[in-house]
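Protein chains in written order, with the working numbering: chain A, 1 to 166; chain B, 1001 to 1137.
Worth flagging that the hints you see were computed from the coordinates, not collected in a lab. Nothing false has been slipped in among the hints.
Here are some chain A residues pointing at chain B (derived, C-beta under 10 angstroms):
1. A36
2. A38
3. F124
Keeping only pairs whose Cα atoms sit at most 16 angstroms apart, straight-line, the calculated EDC-like set for lysine to aspartate or glutamate is:
4. A:K91 x A:D79
5. A:K91 x B:E1067
6. A:K137 x A:E98
7. B:K1083 x A:E139
8. A:K91 x A:E78
9. B:K1083 x A:E35
10. A:K91 x A:E139
11. A:K137 x A:D92
12. B:K1095 x B:D1047
13. B:K1095 x B:D1042
14. A:K91 x A:E146
15. A:K137 x B:D1082
16. B:K1083 x A:E135
Negatives, chain A to chain B, calculated, CB over 12 angstroms:
17. E55
18. D57
19. A60
20. H73
21. T94
22. A95
23. G115
24. Q117
25. G149
26. R156
27. L158
28. L160
From a predicted model like this one, the values you see are computed outputs, not experimental measurements. Even glycine gets a Cβ: it sits at the ideal position worked out from N, Cα and C.
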Amino acid sequence: MLAPSVRTLTLSPLLPALMACLALACTTAPAPPPEALALTLTSDAERALQTRVLETDDEAAVQRACIAVLTRHGFAAEDQDHALGVIVAIKDATAGAERTRLRASLATQPAGEFGGQIALRITFQRLAWNSRDRESKREAVREASEYAGFFNEVERELALPDATTP
Amino acid sequence: MTKLRLAGAALALSLITAAPARTDSPFTTTRAPAPPTRHMRDFATGDILRALRLAIATLQDLGFALENANNETGTLIASRLDKHPLRLTITISQKSETEITAAISTAYANTELADPAPANALFATYEAALFPPPEID
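Next up, chain B with everything else stripped away, as it sits in the complex (with noise of 0.2 angstroms):
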């Protein structure tokens, strides 16, 4: 019995070791901190409705289905049309008469990721479309 009750305790001490670090508690110095899943860059455009827009054109130029869009929060969720279940969710606000800012944060399977890639190509594709090149007569 003695043996059960070393066991049990064995096995709770290894849930309370495993258990993820809470993000809130100012105990967790000893770890290194998660790498940020809010990838931000600013824009000089001063019309938030047309960034709107032409975020919804990129995302899908870029092969995704809008899963959600509200124009009071600047916010838009997408999601990857085909096979893999990557989520885009991007925020877009006013920084200044002249400049927006966009936040893109990532997720698959419903998992947030760190990875910057899909972001950097969003940006990429989505500054093309707010500032595409001269036409040349």
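Excised from the complex, chain A in its bound form (with noise of 0.2 angstroms):
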């Protein structure tokens, strides 16, 4: 146990230093990584694997269809833009501290020289987060398997006889 005399002297320089330190850290976020900043495109493989051409041209059934898809998986719709084509699902999970996340992000487009298609694009991607609430993994789904069996179930939801992967 120190003595009032020495507490006073030992805290009184070290306080203020620290706390304006800790004031600066609060203030300052750490600078990304310049790779972060880097944006290049996608491979051919990737983006193969990521969409589906559709024979059909309605776009809303290809819509309903994959909502479907992705509620029997548990998946529960957080965003959804059906002028724009867009559908964002979520399921969550938690795993002791941890939560984490599967996220499934979609976009349809018109395709084809002359009309008559819809292009689907999925990409699925795992999330975590710690204890502390910190993101704690971040990463695509690249497993061929899941995107096929999403894009096979649309079309046996759609009732299509045939479909092409570009």
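Fit chain to chain and form the complex, with the hints in mind.
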């Protein structure tokens, strides 16, 4: 146990400096690494994995089918804009102190030189937050089977006889 | 006790001087103005729905996952699929019958960025999508 006078002498010069450092740390965020800001086009293989061209011109039906398939797999719609063909759906889980999320993000676009097709592009993403609610994981799902499984179910939902991958 | 009070006063003073300047205060003229965090560019097209759909495709081509899309406000929010918590907010508005304005804000780990690199890369890819080169037979 320090004597009061010693305690005062020890704390008085240190505390303001420490608090100033703390305040500065709170106001300045770490600079992002250069590779985080460098945007590059995804590869053709990645694009093909995420995309399927459906032999229909009924965009609304494709969107409904996507929602039906995602809902069946436990996803909840987080955002939808039918005019833009966008659907964002999430599936949350908690594993101990960690919170995880699977996010499906898709867009439909009319396709084909003379119409009659809809290009459906979806990405699945894994996210996680630790016990202090800080993001601890952010990665794209790359398993081809996940994408093929989704597209096959959408096609079945639409009762399409045939569909192509670009 | 007096020394403790002095220490407390010094602490309070250090906090005040280290606090960020209020951007709406007229008394912050001694500090250099912050670089802009919103980057804008005009494009010669009048079809805003097509422009928004192409912006969505461009974001997907650059490895972003859409988080939010709103055709009424012309706003798209997307974040990088992998590793880096980089988020872009794009707002597309009609400037005239034949022109649109695209504005991009960038945030990294929820902190706004002034670095124009991501916005410039996106503008370049977006322009190529809006105005593809003519096909040669």
